[in-house]
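Chains as they are written, first to last, in numbering that gives the first Met the number 0: chain A, 0 to 596; chain B, 0 to 208.
For the record, the hints were derived by calculation from the structure and aren't laboratory data.
Some hints here could point you the wrong way.
Unchecked claim - One side only, chain B facing chain A, incomplete, derived with CB under 7 Å:
{"hint": "1", "residue": "L16"}
{"hint": "2", "residue": "Q48"}
{"hint": "3", "residue": "P54"}
{"hint": "4", "residue": "G132"}
{"hint": "5", "residue": "A177"}
{"hint": "6", "residue": "L178"}
As the list claims (entries may be wrong) - To list a few chain B residues with every Cβ distance to chain A over 12 Å, as calculated:
{"hint": "7", "residue": "G37"}
{"hint": "8", "residue": "P145"}
{"hint": "9", "residue": "W153"}
{"hint": "10", "residue": "G158"}
{"hint": "11", "residue": "P167"}
These numbers come from a predicted model, not from an experiment.
Virtual Cβ for every residue (Gly too), placed ideally from N, Cα, C.
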Amino acid sequence: MAYETQGFKIDNSGKRVVVDPVCRIEGHMRVEVNLDSHNVITNAVSTGTMWRGLEVILKGRDPRDAWAFTERICGVCTGTHALTSVRAVEDALGIQIPENANTIRNIMQLNLQVHDHLVHFYHLHALDWVDVVSALAADPKKTSTLAQSISDWPMSSPGYFRDVQNRLKKFVESGQLGPFTNGYWGNPAYKLPPEANLMAVTHYLEALDFQKEIVKVHTIFGGKNPHPNWLVGGVPCAINLDQVGAVGAINMERLNLVKSIIDRTQEFVEKVYLPDIIAIGGFYKDWLYGGGLSGKSFMSYGDVPQKANDYTAPNLLLPRGVVINGDLGRIHEIDLRDPEQVQEFVTHSWYKYPDEARGLHPWDGVTEPDFALGANTKGTRTRIEQLDEGAKYSWIKSPRWRGNAVEVGPLSRMVLGYLQPKQYPEIRDMVERALHQLDAPVGALFSTLGRTAARAIEALYAANLQQTQFDKLIANLKAGDSSTANIDKWEPSTWPSEAKGVGFTEAPRGALGHWIRIKDTRIDNYQCVVPTTWNGSPRDPKGQIGAFEASLMNTPVAKADQPLEILRTIHSFDPCLACSTHVMSPDGQELTQVKVR
Amino acid sequence: MTDKTHELLVLGIGNLLWADEGFGVRCVEALQAGWQTGPRTLLMDGGTQGLYLLPYIEEARRLIVFDAVDYGRAPGELVVAVDREVPRFMGVKKMSLHQTGFQEVLMAAELLGRLPESMVLIGVQAEQLEDYGGSLRDSVRAQIDPALLIARDWMRRWGLDCLPRSAPPDGPALTAAALQLAAYEGGRPSAEAACRFGDARVLAGRAAG
Numbered sequence: 000m001a002y003e004t005q006g007f008k009i010d011n012s013g014k015r016v017v018v019d020p021v022c023r024i025e026g027h028m029r030v031e032v033n034l035d036s037h038n039v040i041t042n043a044v045s046t047g048t049m050w051r052g053l054e055v056i057l058k059g060r061d062p063r064d065a066w067a068f069t070e071r072i073c074g075v076c077t078g079t080h081a082l083t084s085v086r087a088v089e090d091a092l093g094i095q096i097p098e099n100a101n102t103i104r105n106i107m108q109l110n111l112q113v114h115d116h117l118v119h120f121y122h123l124h125a126l127d128w129v130d131v132v133s134a135l136a137a138d139p140k141k142t143s144t145l146a147q148s149i150s151d152w153p154m155s156s157p158g159y160f161r162d163v164q165n166r167l168k169k170f171v172e173s174g175q176l177g178p179f180t181n182g183y184w185g186n187p188a189y190k191l192p193p194e195a196n197l198m199a200v201t202h203y204l205e206a207l208d209f210q211k212e213i214v215k216v217h218t219i220f221g222g223k224n225p226h227p228n229w230l231v232g233g234v235p236c237a238i239n240l241d242q243v244g245a246v247g248a249i250n251m252e253r254l255n256l257v258k259s260i261i262d263r264t265q266e267f268v269e270k271v272y273l274p275d276i277i278a279i280g281g282f283y284k285d286w287l288y289g290g291g292l293s294g295k296s297f298m299s300y301g302d303v304p305q306k307a308n309d310y311t312a313p314n315l316l317l318p319r320g321v322v323i324n325g326d327l328g329r330i331h332e333i334d335l336r337d338p339e340q341v342q343e344f345v346t347h348s349w350y351k352y353p354d355e356a357r358g359l360h361p362w363d364g365v366t367e368p369d370f371a372l373g374a375n376t377k378g379t380r381t382r383i384e385q386l387d388e389g390a391k392y393s394w395i396k397s398p399r400w401r402g403n404a405v406e407v408g409p410l411s412r413m414v415l416g417y418l419q420p421k422q423y424p425e426i427r428d429m430v431e432r433a434l435h436q437l438d439a440p441v442g443a444l445f446s447t448l449g450r451t452a453a454r455a456i457e458a459l460y461a462a463n464l465q466q467t468q469f470d471k472l473i474a475n476l477k478a479g480d481s482s483t484a485n486i487d488k489w490e491p492s493t494w495p496s497e498a499k500g501v502g503f504t505e506a507p508r509g510a511l512g513h514w515i516r517i518k519d520t521r522i523d524n525y526q527c528v529v530p531t532t533w534n535g536s537p538r539d540p541k542g543q544i545g546a547f548e549a550s551l552m553n554t555p556v557a558k559a560d561q562p563l564e565i566l567r568t569i570h571s572f573d574p575c576l577a578c579s580t581h582v583m584s585p586d587g588q589e590l591t592q593v594k595v596r
Numbered sequence: 000m001t002d003k004t005h006e007l008l009v010l011g012i013g014n015l016l017w018a019d020e021g022f023g024v025r026c027v028e029a030l031q032a033g034w035q036t037g038p039r040t041l042l043m044d045g046g047t048q049g050l051y052l053l054p055y056i057e058e059a060r061r062l063i064v065f066d067a068v069d070y071g072r073a074p075g076e077l078v079v080a081v082d083r084e085v086p087r088f089m090g091v092k093k094m095s096l097h098q099t100g101f102q103e104v105l106m107a108a109e110l111l112g113r114l115p116e117s118m119v120l121i122g123v124q125a126e127q128l129e130d131y132g133g134s135l136r137d138s139v140r141a142q143i144d145p146a147l148l149i150a151r152d153w154m155r156r157w158g159l160d161c162l163p164r165s166a167p168p169d170g171p172a173l174t175a176a177a178l179q180l181a182a183y184e185g186g187r188p189s190a191e192a193a194c195r196f197g198d199a200r201v202l203a204g205r206a207a208g
């Protein structure tokens, strides 16, 4: 099979490499690629390997409870799913939330954004760039010099790095590599000198320690952790600035704690995370593979409404819009209600539609499993050796915007911000500063490295926005408005017999939408279209490839049996398969299996 | 004495949307409902939260974890692992669906030098995990009370209170009202409305493995 799509030449004639499961992600996914005689990827097949059925769990339940179920889909986007769900119900029932509720939700959402980005980089992705074992050979003095040259972060003395190195040595010698087990240590695709590796591993540990602080904000506003409470109509917390003590309403003391967490988060991102990305990026800026769809077709629903209840593009502090076919001068508006815009196809997914040449809008979404393998599959139904991408090959559906495959996530958001400097001057400045520090052209953004850098830039942007949202909350409270919820339409007796709505957010890994239909006060249909469905989608009726598959195209792989480059690029999307598919993996299959055929 | 905030953290982990995977969470719910524990014992529904649980684990002197496991034993069989066995046990075989996540949390706590000084894992052999949106099978449900008694015995050994409740708990419930066992089971859509089978490859793979 050989054909052209979206500017890529697809050819599956070379040897096939299978990576299953792709480790260090939430959920279970598999990637197969074909390599030509120079070990360059000429075809990529990405599949989510399990079916889920959230839609059917929610049928018949109270729409006001949907958030609690969606919060349980996975352990990563917990709060984002809950927020999207309450927004969908509010949209369906025409509920207007108070300003304070909007601001508090923004702070929580931004908080989750920064937390997820930080954890993703240091704990799931850094090991694709950083060789832990090489850090053991570093000179702590040189490490200190390097660290001090890129940031004035105080923890940078030679003694400090020596201590960490000793701790690491002990840990590795104890035979408990733990989180570091899955590395291809020593692979030639690692480019950092030992000193940079030691600095990065040290910051891995610091980030591990610091990330705990960030999430305390969720406990304060959400009432409890690790599953904060949410409320249709607002937020489930009362605020009383004059109250004393730690119980009951949120008081000034609690808000001061939020403020101090925001301050420290901003400092950590500015002085540790972003400088690390720039330093690491400097060693990899000749490795600009992995761009895929990012410079061509990308999308963001936008998020963080400045004023409550206005979800249109001019009111959103995270940009909204779609760019297609590389026309960066034209940003299309998105209408999530329009049946012609967001549609899901299943020609290559294990589901059945009445007419599979057509896509379905989520309000009319159908989730009927249909597991069958194509004629060219190698192996058996229960032990697939090689998928047949000409047939159905994934449990992920293929969402498209007006028929176009698009990439979603931090890179899409930051590029949309960059393209609109009047509305987002701060994003423009931050992106330009990073490019300047790296001495790289704008086009370098459209790469695996660019995706990883955009996430760090966005972490700082989100941390800064948290500050302004916090100030806004305090100003509004001081002006005498302490309202946090609107319960006018809480009682189902006030609802119409039929209603439908859509809620959206920008989850850390990209655009997230929940579409709901309510009938006689109960959920009649509920469809989630999640970011990893957009990025990880299989092909569509036109043979167009999704963002994961596109990003792997044309990448050289140094060692076919150690597909570090594949993991690096897939991880750069921060994939979360738990909600795009139902997670399940066979017994004992913990380490990534790589098979070269 | 200890510099830690909690003498004991009792954690239920697992995804309650996946049938027997809900065992851990249902255990802490039942513990809260039926037993009075001391002021420095924290009960928590950990769900599938991974690194979000790190601060609580670091702040606990001792740890009890309830979870569903998969050791290929008879459905409903209880398995107890203690201290160093807990993370290692978890490393031997895929024990639960989020096992890598929780194992990593323990590793992280260890890397930071903040691992609890005692740990007990009380696991139940799951019978059914493929029923998304379903609840506990009878063989597993029947083990909630025995699992609680094992936890109580450990608390007694450590000199911590755990007495049958005389009055309902005064604190907030651990899980949202809609997710509590009765509401969760009662509100389930019918089998006709909800397609409930899993991935044939994985089902067969599990049976073969």
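Consistency of the hints with the structure:
1. The interface hint given for L16 of chain B is met, as the beta carbon of that residue sits about 5 Å from the closest beta carbon of chain A, less than 7 Å.
2. For Q48 of chain B, the interface hint holds, the least distance from its beta-carbon to any beta-carbon of chain A being 4 Å, beneath 7 Å.
3. Given the 7 Å rule on beta carbons, the hint for P54 of chain B holds: about 4 Å separates it from the nearest Cβ of chain A.
4. At its closest, the beta carbon of G132 of chain B sits 4 Å from a beta carbon of chain A; the interface hint therefore holds under the 7 Å criterion.
5. Hint on A177 of chain B holds. Least Cβ distance to chain A is approximately 3 Å, under the 7 Å limit.
6. For the restraint placing L178 of chain B at the interface with chain A, the shortest Cβ-Cβ distance is roughly 5 Å, inside the 7 Å limit, so the hint holds.
7. For G37 of chain B, the requirement that its beta carbon stay farther than 12 Å from each beta carbon of chain A is met, with the minimum near 19 Å.
8. No beta-carbon of chain A is positioned within 12 Å of the beta-carbon of P145 of chain B; the least distance is around 25 Å.
9. The non-interface label for W153 of chain B is consistent with chain A: the shortest C-beta to C-beta separation is roughly 23 Å, beyond 12 Å.
10. Against the 12 Å criterion, G158 of chain B stays outside the reach of chain A, whose nearest CB is about 28 Å from its own CB.
11. Residue placement check: P167 of chain B keeps its beta carbon more than 12 Å from all beta carbons of chain A (closest about 18 Å).
Comparing the model with each earlier hint shows no violations; every hint is respected.
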